[in-house]
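Mind docking these for me? Both chains are given alone in their own frames, and the hints should help you get the complex.
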Amino acid sequence: MKTLALNILDIVQNSLRAGAKTIRISVQESEITDRYSIEIEDDGKGIPAEILKKVTDPFITTRTKRRMGMGLALLKHHAELTGGYLEVESKEGTGTIVRASFCNSHFDRQPLGDIGGIMKILIGANPSLEFIYNHSTDKGSYSFSTAETKNYLEITQITDYELLEDIRSMINENLAEIKASGLELKAGA
Amino acid sequence: MSKITSLADLKKKREEMKSGLDLRTKALDPESIVQVKVSMATCGIASGAKAIMDFFLEQLDRRNIAGVVTQTGCMGYCYAEPTIEVKLPGQDPVVFGFVDLKRADQIIEKYIKTGELVDGIIPVNYQSIDLKE
Numbered sequence: 617m618k619t620l621a622l623n624i625l626d627i628v629q630n631s632l633r634a635g636a637k638t639i640r641i642s643v644q645e646s647e648i649t650d651r652y653s654i655e656i657e658d659d660g661k662g663i664p665a666e667i668l669k670k671v672t673d674p675f676i677t678t679r680t681k682r683r684m685g686m687g688l689a690l691l692k693h694h695a696e697l698t699g700g701y702l703e704v705e706s707k708e709g710t711g712t713i714v715r716a717s718f719c720n721s722h723f724d725r726q727p728l729g730d731i732g733g734i735m736k737i738l739i740g741a742n743p744s745l746e747f748i749y750n751h752s753t754d755k756g757s758y759s760f761s762t763a764e765t766k767n768y769l770e771i772t773q774i775t776d777y778e779l780l781e782d783i784r785s786m787i788n789e790n791l792a793e794i795k796a797s798g799l800e801l802k803a804g805a
Numbered sequence: 109m110s111k112i113t114s115l116a117d118l119k120k121k122r123e124e125m126k127s128g129l130d131l132r133t134k135a136l137d138p139e140s141i142v143q144v145k146v147s148m149a150t151c152g153i154a155s156g157a158k159a160i161m162d163f164f165l166e167q168l169d170r171r172n173i174a175g176v177v178t179q180t181g182c183m184g185y186c187y188a189e190p191t192i193e194v195k196l197p198g199q200d201p202v203v204f205g206f207v208d209l210k211r212a213d214q215i216i217e218k219y220i221k222t223g224e225l226v227d228g229i230i231p232v233n234y235q236s237i238d239l240k241e
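In the order they appear, the protein sequences are chains D and P.
Numbering of the first sequence is given in this note's numbering, commencing with residue 617 and proceeding in unit increments.
Numbering of the second sequence is given in this note's numbering, commencing with residue 109 and proceeding in unit increments.
Note that these hints are calculated values from the structure, not bench results.
There's no promise every hint is true.
In silico DMTMM-like cross-links for lysine to aspartate or glutamate, where the CA-CA straight-line distance does not exceed 20 Å [unchecked claim]: (1) Lys121(P) with Glu764(D); (2) Lys121(P) with Glu778(D); (3) Lys637(D) with Asp659(D); (4) Lys111(P) with Glu793(D); (5) Lys120(P) with Asp782(D); (6) Lys766(D) with Glu123(P); (7) Lys120(P) with Glu770(D); (8) Lys120(P) with Asp776(D); (9) Lys119(P) with Asp782(D); (10) Lys119(P) with Glu781(D); (11) Lys618(D) with Glu655(D); (12) Lys121(P) with Asp776(D); (13) Lys111(P) with Glu789(D); (14) Lys121(P) with Glu770(D); (15) Lys119(P) with Glu764(D); (16) Lys119(P) with Asp776(D).
Next up, chain P with everything else stripped away, as it sits in the complex (with noise of 0.2 Å):
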């Protein structure tokens, strides 16, 4: 694999590959993907959280999923960290705590695929805080 250094070298790769990359642009409806947040604060980034965004980014790419990966600040977990916030279509959102690489690659098989659901979730629990009177 040849090294890419030059904005000229990026266009020559897009050129030959262009039939592959017609397929991926699709505008996507957000309420129909799945959406994954890392939680990138502080206590997120220096436990690793980085390399959980580059695992998600790459995996959701690979494994066809159609998702959008992005950061989110502090989520309150700091002893749980890295966290991630999952929302599949049309759930509730879960929070995954101490995702290393080999949870992140679990929750993508079981519980972006299947919604089976993985250990290491923090129960959160917004409804209930609300309903209390």
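Okay, chain D solo, but in the shape it has when bound (with noise of 0.2 Å):
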């Protein structure tokens, strides 16, 4: 994976297959700490006790089509080769809670890259959930919610592709103004 938001798009797919009707991505940089931390949160259905224990391993998977279940394993890899580490906090019934956590400025560490195209394919291909994307960065803080949005424009779904695409571009725009880093503001990968 080339950035981070690709990486976060991948888990986030775990959370949707375990039925989530809300889904939080929090992303925290800082050059003071030299942290950069993603954390992704959901109201699915939870790992049971057995699998949480070795749901990194990339052979331990609830899926069906094949026996092998990579996002968790990558991303573990991915923060452990910045000095970093994963790990997934699940309860059975309420959620699961996955955070990794890299050391910001650690050369393998991989830009974020386009995270308003992502949240918006999230969006569009979603429309009946919500999703909040908060990002805090030395100089700020800002937080998107597909709740506040509709409630603002006065709509039950945002399903319109201008509209998606806008909040592609608002969400960027706003990550730039706080000096987020390695953001991709064009379209593409």
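In structure tokens, the structure reads:
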């Protein structure tokens, strides 16, 4: 995966398969603490304790088509490459939190990428779910939520392509304002 | 084109476009429209499925095709990613592999618009496995 946004898209697929109705993605980056952390929280069905112990093993998966689940294993590998870590907290019936922490300045820490585009796709493909995106840097923080946006625009679902593309721009522009690093502002990868 | 940076900007733009929007918000019966599912497992995402998903979301809208684009997990064809499944109304779903932007465009112009099959179909024999006794 070339960017962290693609890793996030991958982990969110797990939340979707767990039947989550609300997914919260939080990114915190700081040059002062030299930490870059990503947290993905969902209210899906959770992971049973016996599986939770081995959940980052690529051969442990609840998928049926192939006997491998690479998402968490890959994110863990990327985090540890930079001297960071990955932890997964989960409670059956309540939800799951995946936390990945990276050393911000490490050469192998990938750029964030087109996170606005990732949110656009997630919202466009799942119009009945709620998504929240929080991002904080040393210069400020930004928060986006589908619930707040729909409420403000007085609509019940975000399905219009123009609106989705505008949301992508809005998120990326606001992140540039708070000096979020590694953004990919053009459509593409 | 002025930048959109706030919810207020979004609202203003929508109010300006209002007449065009009303036509698009009609209740759609899933069985009567095209359903496109883009495989979004690790293999798919790493191979470029994001750009394909984006392309279908945009182009079905631009070309005025009644359809819904969603994601699905790994369909098992990791060697052929990005893969998509297209279900035309009243027909069995068809899986296409090695979908790049050019092929995605062909799939819309030929298969979705006219039903003409395009290169890169992955044969999926659900029925023959079920019927085998």
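Hints versus structure:
no.	hint	result
1	Lys121(P) with Glu764(D)	holds, 17 Å
2	Lys121(P) with Glu778(D)	holds, 10 Å
3	Lys637(D) with Asp659(D)	holds, 6 Å
4	Lys111(P) with Glu793(D)	holds, 13 Å
5	Lys120(P) with Asp782(D)	holds, 12 Å
6	Lys766(D) with Glu123(P)	holds, 14 Å
7	Lys120(P) with Glu770(D)	holds, 12 Å
8	Lys120(P) with Asp776(D)	holds, 15 Å
9	Lys119(P) with Asp782(D)	holds, 11 Å
10	Lys119(P) with Glu781(D)	holds, 14 Å
11	Lys618(D) with Glu655(D)	holds, 19 Å
12	Lys121(P) with Asp776(D)	holds, 13 Å
13	Lys111(P) with Glu789(D)	holds, 8 Å
14	Lys121(P) with Glu770(D)	holds, 14 Å
15	Lys119(P) with Glu764(D)	holds, 12 Å
16	Lys119(P) with Asp776(D)	holds, 13 Å
No hint from the list above goes unmet by this structure.
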